[in-house]
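Each chain is listed here by its residues.
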Amino acid sequence: MPRPESKMINFTIDGREVSAPEGAMLVDAAKHGDVEIPVFCYEPKLGQPVGACRMCLVEIEGIPKLQTGCSTPVRDGMVVYTETERVKVAQQSVVEFLLINHPLDCPVCDKGGECPLQDITFGWGGGISRFIEPKRHFVKPLELSPLIAIDRERCILCYRCVRFSQEISEDYQLVLLERGAHSYVSTFDGHPYVAPFSGNIVELCPVGALTSRPYRFRARPWDIEGAGSVCTLCPAQCNVTITVRDERALRVLARQNDEVDDGWLCDKGRFAYQSFHAEERITEPLIRDGGQLRPVTWERALEQAAGALKRAGANAAAIAGGQSTGEEGHLLARLMREGLGSPHLDSRRAGTLSLDAHRALGAPALQANVSDLEFAHAVLVLDTDPVNDASILDLRLRKGIRRRGLKLAVASPGPSSLDPSAALSIRFKPGAGAAFAAALSAALGASAELETLCGEAGVESAAVRELAELLRGPEPQQGADSELQPREVVILWGERLTAAPNAELGAGALLGIAEALDLANVEGAGMLEVPATANGRGLREAGVLPNAGPGLSQLQDAGRDSAAIAEGLAAGELSALYLLQCDPLRELADRALWERALAGASTVIAHASFLTDAINEHADVVFPAEAYPEKEGTLVHPDGRLQRLRPAIARPGSVRAGWHVIAELALRLGLDFDVLSGAMASRQLFEAVPFYSGLTLEEIGGRGVRWQEREAAAAFPAPASAPSGDGSFEEPADPGEAAGYRSVWDAPEVEHSPAFDFLFKTKELV
Amino acid sequence: MAAPAASPMLLFTDIDEPGLCTLEVYERRGGYESLRKALAMTPEEVLDQLKASGLRGRGGAGFAMGTKVSFLPKGSMDKYLVCNADESEPGTFKDRELMQKTPHMLIEGIVIASYAAGANCSFIYIRGEYVEQADALDAALHEAREAGYVGEDILGSGHSLSLVVHRGAGAYICGEETGLLDSLEGKRGNPRLKPPFPANQGLYQGPTLINNVETLSTVPAIIRISGEEYAKLGVETSTGTKLVSVSGHVQRPGNYEIELGIPSREIIYGLAGGPPEGRKVKCWFPGGSSSPVLTADDLDIPYDFNSLAAAKSMLGSGAVIVVDDSTPILDVALKVAKFYRHESCGKCTPCREGTNWTVKMLERIASGEATPMDLEIMASVQEHIIGNCLCVLGDAMAMPIGSMIAKFRDEFEEHIEAARMARGLNGSAGSDAALAAQGAFDEAPETHLAHHGTGDQAPGAHEGAPGTHRGGA
Amino acid sequence: MSDTPPKAEQATPDTTALKVEGWNPGDDVIEIVRSPDPGPGRATWRTFRETARGLLTTFGRFTETPVTVEYPEEKTPVYPRFRGRHKLHRFEDSGLEKCVGCSLCAAACPADCIRVVAAENTPENRVSAGERYAAVYEINLSRCIFCGYCEVACPFDAITMGHDYELSDYDRSDLIFTKEMLLAEPLERTPLRNEGE
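Protein sequences appear in the order of chains D, A and B. For the first sequence, our numbering gives the first residue as 1, with consecutive numbering after it. For the second sequence, our numbering gives the first residue as 767, with consecutive numbering after it. For the third sequence, our numbering gives the first residue as 1240, with consecutive numbering after it.
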């Protein structure tokens, strides 16, 4: 679908000629001329303006009444005044009206100091109030939800939160009750407003009516500093600003990046920060001593770990978890391959996928980006549930459907939160994603195998055909204008689709679908993978794979994947296991096998933040891991965007940087990585991966860079041969656990954040 | 005073005919003949007739109906016609009589208008309180459907129309056209931002024509006598006849059909018999409670759209409310303001807070806690409301209250003084009431905060703001 | 007092005098004393004149009471608006703290010496009158410049500048005053200077 284009036009504001994009609302257009028009209810992210607060009244030549700047699009030659006496009187009167029922309890209000109502009153208000009657009263403060407090006396009824609930997250929970001066925001029957994105209304509220409970009274705006970073709690990698006071993260706010998160943030990203400062967090190196983990010095822990790894040699194996940065993954791979000569290394949850399939699926031409999801003609959500796997994409899809006429199809084994908005929803058998994809590929290619594959996937072939038609779109009409827009289709698929034992089938099917829909050659079309872990793509590209080196390069001999590592450990073929921020019992498939594997391993070395079961019972050396606001390094967004993690808070206790620990270990194994800082680690990564070549941290900056859009992308290796995609469907042993499926809400960060205590009592979100 | 010259009757011709609400009687009286005549013409010809008639909307805004129809975009999209039967303006009861006594005329008008507008889907949004009228409409609609006047391929013309009677839940704001559309869509009845106007994006985002019951009921008469003939009635800018609902202090309140342009005195004194013996007209609302009041001096103004607008009032819905000299103006103002406070939807700031504030100030005047300075504040509050709101509800309160303060200032001041005397606050008018009110603030931080967070929300505990944000009274 | 006015008078000359004398040497003539006045009497006078004058003052004050303040046994009184060590206040009736922990004092402080960490009142633990209270309220008095901006900024009159000025200690950390210290009445009241004193 065509992206909105902006043509510049000229108009006059306060006597000055200003050029602004055509069709922009006056409030936005005025900013091009450095004129600020005050607003409360206007928020472009929320869709159409409502014109409720009347703060933005301006005078337009030729129109007798004052007009709302938030809803009047600018036109060429328009003459606008924002500082005439009439406008001033109107602005002052609106401020006066808003304040007559506002309690003015700024000293106790959390918003005080960063409050648009304060700022606008100061800038555009009259300075006095003539209202001496009693104010409106509500019981306050109340819990709107366990995470949000509501103070209805402060509310100025701007509708932002209600519009968010109704039109953005589409949970339809918040409404306005009563009318006139008695109106108030509430859920319809007063039940708690619990929803995956509820925290955004705190940020939207222009007064202190909605405040975050975990942040309640923690700090005032002049006590704090904002530090930009990237949330690593799920693959969506939303950009965030961390509010820091006294070296503690007190709050996490969304940092708008239209290409990543559109300015929203899920509740996990917003409220799980409390786990960084949890009592239970490991802040010192631990060593198992007499069956107990005891704190020791770094020196001793490193010696012990290095000794164990040296003993194990090529029998050591390593698994990197999704929160590790690309740098950590890269150094770990070097440690294993160069230092120990062991090829047993994995970061995927789903088992081995052939190198050719990795390269074919990762080809730059096939990659869609996040905003393509919004502007595509049709999107197929295949074997993933965005709200559970990469939450913020859920809002992006809803936006596409609501505002751009996107047609959404959902194919998943279980009910999806997007079903009500989808044009078509198809359920297949759990674990049969690959068979379904193959069936769709067959339907698109009119292959005869369709019926068999549908049988294996447990779906009606008619439904698959319908889906194929929806993706293909209407036949171009005869004689219609020749420059018909090519149909933009995006396939949003989950890593589970390429899980063992049907990895090749799934990958082949995806490539077949891409071929049939010509995704590689249509601008705005493509595929977007939702990896099972936050930095899944980055670790793969850094070479944390059993069968690929940095930049998906060919290896001499392939190692074991995670399942094979577990088997090797259980069978005694492997001896040491290095876990980089990964808890196999929680995160990987087949818990029983992993129990045996961990018990069978002679040494388990782990980077961990919390003493989960696996660490507590099996780890021999535990290095305290960093939380993401402490980290320095890069991540890769599922669409190939390299994003930079920057330290926002100090590391607690004696926690050391991940790259530092790995480099120290390597030194003890006789390997000098020559890495003395996070930036040096990044440089080594960029040098090692051909298609990152020439990147610098400065180039990545605060918004990230998609490597596909750089020249070096040409260095992406082409598959040696096209993946066949042959092979018949094989029932997975345990379809539910096949790819280590977990909801993003099932995370230690959630468990250790006091804000989320309510979840474990009511299970409302999980 | 002599009875007025017999005015031509278009809407009320047979209004007292028993059983007019049934199809049989209505057809015997020539009903649905206009529909046949209209369906024989092309939609453009019907539209030309409507334009030629100069018929202006009877709901309040007085927008030319033919022009409104022509604003609908051409094309084959779903278009809607909505009949606004949410007659909630205080003092207005003309549509009630029309719908109750001659529902078929409305249905006939809707079918003709939908033919002209090319709409195939139509709703009558009737206020919830009009139970009998809605029942009458339902019964009539059933008869019309049976007879083939509504439904698929009406009278073989190829024009189809589905017509639904939708009962509102009773809110003044749902008489505002966009609020009505929201309510009809099943949402909270809040006015929408304009533009886009309903003619482009109305019901379910489709082009929508919204007209008042009386406007649509006039359509069959226009087709019957032709637009040109209709335009000869009334005066140049206000053609045709109008139903006026006269109420208040008159001897014969009720609905009267008048030719637009007759002197207002003839309506109040001639038709309605004037105020009771020995009383004089103090003020009168020419077009429902939202029109600025006029005084006895204005009785000779011709009753038509432009003359009343020139007198800084408006014809509105044609509801004449007469107030005689036995009623204090404060009571009138308080009644009007309380109504609008209750009915404000709360969406936009000036209306929500302004109506609330006005009522509180009027109550203070009534209880003797006000000073003449409060009149200044009240007048300026009304000025700040007018023209700054999302819809016209705020203006609907501010205009009459503002006009009352302007025209009856002496009476307000006398009342303030008398009420203060009664409370023993006589003497230097002004400062001490304000001081007394200010006194409530002086105890501010302690009481204010003592009540925070304890759940004890005694009214008045918060009235003082902490800190220095406040100026004087 | 300058001698400009007489100069100004001279500057408006008598026109006739000008004519007669032509040039008035006026201020330009400086009399140079080349030696003291001769004679023994004059010398003695010159020797003891200043001593005598000093002794006159000394003996003149002989009858007055001493003004020395026996500090630290006795404290110097201060003026009522003297800005000494801060005090935090409670409501007299309820005993609740006036401070709600709004941190405006910290924002106003030019020396950045106030640290406030707020917390929420609960029905079981009610500390202040508002929703929030200051869980931590510290003033680093070794950094404070006693400007009184905190007092001005406070919307609840919870902090005022007191009269205590004895603020020396052996350890810098002891000069970080906590909320309890600021709330407590000083052990000894600083005397106030009376009007006209």
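Hints listed in this document are in silico derivations from the structure and should not be mistaken for laboratory results. Do not rely on the hints blindly, as some may be mistaken.
Calculated pairs, DSSO-like style, for lysine-lysine (alpha carbon to alpha carbon, straight line, at most 30 Å) [claimed, not checked]:
1) D:Lys88 - A:Lys1173
2) D:Lys45 - A:Lys1101
3) D:Lys31 - A:Lys867
4) A:Lys840 - A:Lys960
5) D:Lys65 - A:Lys817
6) A:Lys1078 - A:Lys867
7) A:Lys1101 - D:Lys399
8) D:Lys65 - A:Lys1104
9) D:Lys45 - D:Lys88
10) A:Lys1101 - D:Lys65
11) D:Lys65 - A:Lys803
12) D:Lys45 - A:Lys953
13) D:Lys135 - A:Lys1126
14) B:Lys1326 - B:Lys1418
15) A:Lys998 - A:Lys817
16) D:Lys88 - A:Lys867
17) D:Lys88 - D:Lys135
18) A:Lys867 - A:Lys840
19) A:Lys817 - A:Lys1078
20) A:Lys867 - D:Lys65
21) A:Lys998 - D:Lys429
22) D:Lys407 - A:Lys953
23) D:Lys31 - A:Lys1173
24) D:Lys7 - A:Lys1104
25) B:Lys1314 - B:Lys1326
26) A:Lys1126 - D:Lys88
27) D:Lys135 - A:Lys1101
28) A:Lys998 - A:Lys1104
29) A:Lys998 - D:Lys65
30) A:Lys817 - D:Lys88
31) A:Lys867 - D:Lys399
32) A:Lys840 - D:Lys88
33) A:Lys1173 - A:Lys1126
34) D:Lys429 - D:Lys7
35) D:Lys135 - A:Lys1104
36) D:Lys407 - A:Lys817
37) D:Lys429 - D:Lys399
Evaluation of the provided hints:
1. D:Lys88 - A:Lys1173: holds (28 Å)
2. D:Lys45 - A:Lys1101: violated (42 Å)
3. D:Lys31 - A:Lys867: violated (58 Å)
4. A:Lys840 - A:Lys960: The hint holds at about 21 Å.
5. D:Lys65 - A:Lys817: Measuring from Cα to Cα gives roughly 28 Å; hence the hint holds.
6. A:Lys1078 - A:Lys867: Cα-Cα ~34 Å, so violated.
7. A:Lys1101 - D:Lys399: violated (46 Å)
8. D:Lys65 - A:Lys1104: holds (26 Å)
9. D:Lys45 - D:Lys88: holds (27 Å)
10. A:Lys1101 - D:Lys65: Holds, because 28 Å separates the two Cα atoms, which is no more than 30 Å.
11. D:Lys65 - A:Lys803: Roughly 43 Å separates the two Cα atoms, so the pair is violated.
12. D:Lys45 - A:Lys953: holds (22 Å)
13. D:Lys135 - A:Lys1126: holds (10 Å)
14. B:Lys1326 - B:Lys1418: holds (9 Å)
15. A:Lys998 - A:Lys817: Judged against 30 Å, a Cα distance of about 13 Å means the pair holds.
16. D:Lys88 - A:Lys867: Distance of about 52 Å is beyond 30 Å: violated.
17. D:Lys88 - D:Lys135: holds (25 Å)
18. A:Lys867 - A:Lys840: violated (35 Å)
19. A:Lys817 - A:Lys1078: It holds: about 27 Å lies between the C-alpha atoms, which stays within 30 Å.
20. A:Lys867 - D:Lys65: violated (41 Å)
21. A:Lys998 - D:Lys429: violated (76 Å)
22. D:Lys407 - A:Lys953: Given that 30 Å is the threshold and the Cα spacing comes to 25 Å, the pair holds.
23. D:Lys31 - A:Lys1173: violated (44 Å)
24. D:Lys7 - A:Lys1104: violated (49 Å)
25. B:Lys1314 - B:Lys1326: This hinted pair holds, its Cα atoms lying about 19 Å apart.
26. A:Lys1126 - D:Lys88: holds (25 Å)
27. D:Lys135 - A:Lys1101: Status holds; Cα separation ~21 Å.
28. A:Lys998 - A:Lys1104: Status violated; Cα separation ~41 Å.
29. A:Lys998 - D:Lys65: Violated, because 34 Å separates the two Cα atoms, which is more than 30 Å.
30. A:Lys817 - D:Lys88: violated (42 Å)
31. A:Lys867 - D:Lys399: Judged against 30 Å, a Cα distance of about 50 Å means the pair is violated.
32. A:Lys840 - D:Lys88: violated (42 Å)
33. A:Lys1173 - A:Lys1126: holds (21 Å)
34. D:Lys429 - D:Lys7: violated (50 Å)
35. D:Lys135 - A:Lys1104: holds (17 Å)
36. D:Lys407 - A:Lys817: violated (43 Å)
37. D:Lys429 - D:Lys399: holds (29 Å)
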